[in-house]
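**Q** If you want the building blocks of each chain, they are given just below.
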Amino acid sequence: MTTKTCTVCGKEKPESDYRLHSDKKTVMRYCNDCHLAKRRAQHAAKREERNAQFRARYAANVNGVKDKHAAARKAKYAKQGRAALIEWAAANPEKAAEAQRKKMKRGRERLSDYYVRRLLCHPERSAVKQVPEILIECKRLQLMIERECREKR
Amino acid sequence: MKNAEELRDELAQTFAQLKAGEIKSSEAAELANLAGKMIGSAKVQVEYYALRKEQPRIEWLESSNS
Ligand SMILES: [Zn+2]
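Note that the protein sequences, when read in sequence, are chains A and B. Counting with the numbering used here, you get residues 3 to 155 for the letters of the first sequence. Counting with the numbering used here, you get residues 2 to 67 for the letters of the second sequence.
Hints were generated in silico from the structure; no laboratory data involved. Here the structure is a predicted model, which means the values were calculated and not measured. Keep in mind that the hints are not guaranteed to be accurate.
Unchecked claim - Below, a list of computed lysine to aspartate or glutamate pairs in the DMTMM-like style, where the Cα atoms sit at most 20 angstroms apart: (1) B:K25 <-> A:D19; (2) A:K40 <-> A:D69; (3) B:K44 <-> B:E63; (4) B:K38 <-> A:E150; (5) B:K20 <-> A:D19.
Said to hold, decoys possible - Here are the in silico distance ranges between beta carbons for each label pair: (6) A:R149 <-> B:Q46: 38 to 48 angstroms; (7) B:E48 <-> A:E89: 44 to 54 angstroms; (8) B:N34 <-> A:D115: 35 to 45 angstroms; (9) B:E48 <-> A:E111: 36 to 46 angstroms; (10) B:I24 <-> A:E51: 44 to 54 angstroms; (11) B:K3 <-> A:A91: 35 to 45 angstroms; (12) A:R52 <-> B:Q14: 42 to 52 angstroms.
The beta-carbon is built from N, C-alpha and C at its ideal position, and this holds for glycine as well.
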């Protein structure tokens, strides 16, 4: 059995542990294990770049994937209803807290009705079931002005 | 400002003027501060009636053209 010393790991291994070059005759200078390790490293190095590309494509709604996901979520919610969602939240407290955090973050950025309503009358601290629409509108405008003032300073 | 609708219109106008640089941010901040107080006192009333499970009309929150 012919053996060969790998130029990367320095181990002596049988030639069957080496890959052939694309000419299918000459054996590579580094063993198969080292070859795979190198490939994996290259793949990992490109990973962040690739993910950023995918994220950008998703955000730009290329091929309408984002819309499709939104429609699927909506359909799922319509099918399951609010009760099932509450049940899910009780069974998955960590995921639910994370989802809630995201929702609030989005709401804070956009000053959504949900966010402003919660600011005015937090469901856990308030007896108010229905916050008057006009109060939400006023509060949102107040916050918009305050933000703008802070930015201009 | 006799009701919430007027306050909303005033706030919207002020925001637009602030964006356009037509008024100083100190002026806008003053109105925002006043608005905060008015909203706060309306909220107190809403909370009070919700606790008592009453639903009286709160004049300040009523629409002026209805
Ligand atoms: Zn090797």
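**Q** Output the indices of the hints that this structure fails to meet, ascending.
**A** 1, 2, 5, 6, 7, 8, 9
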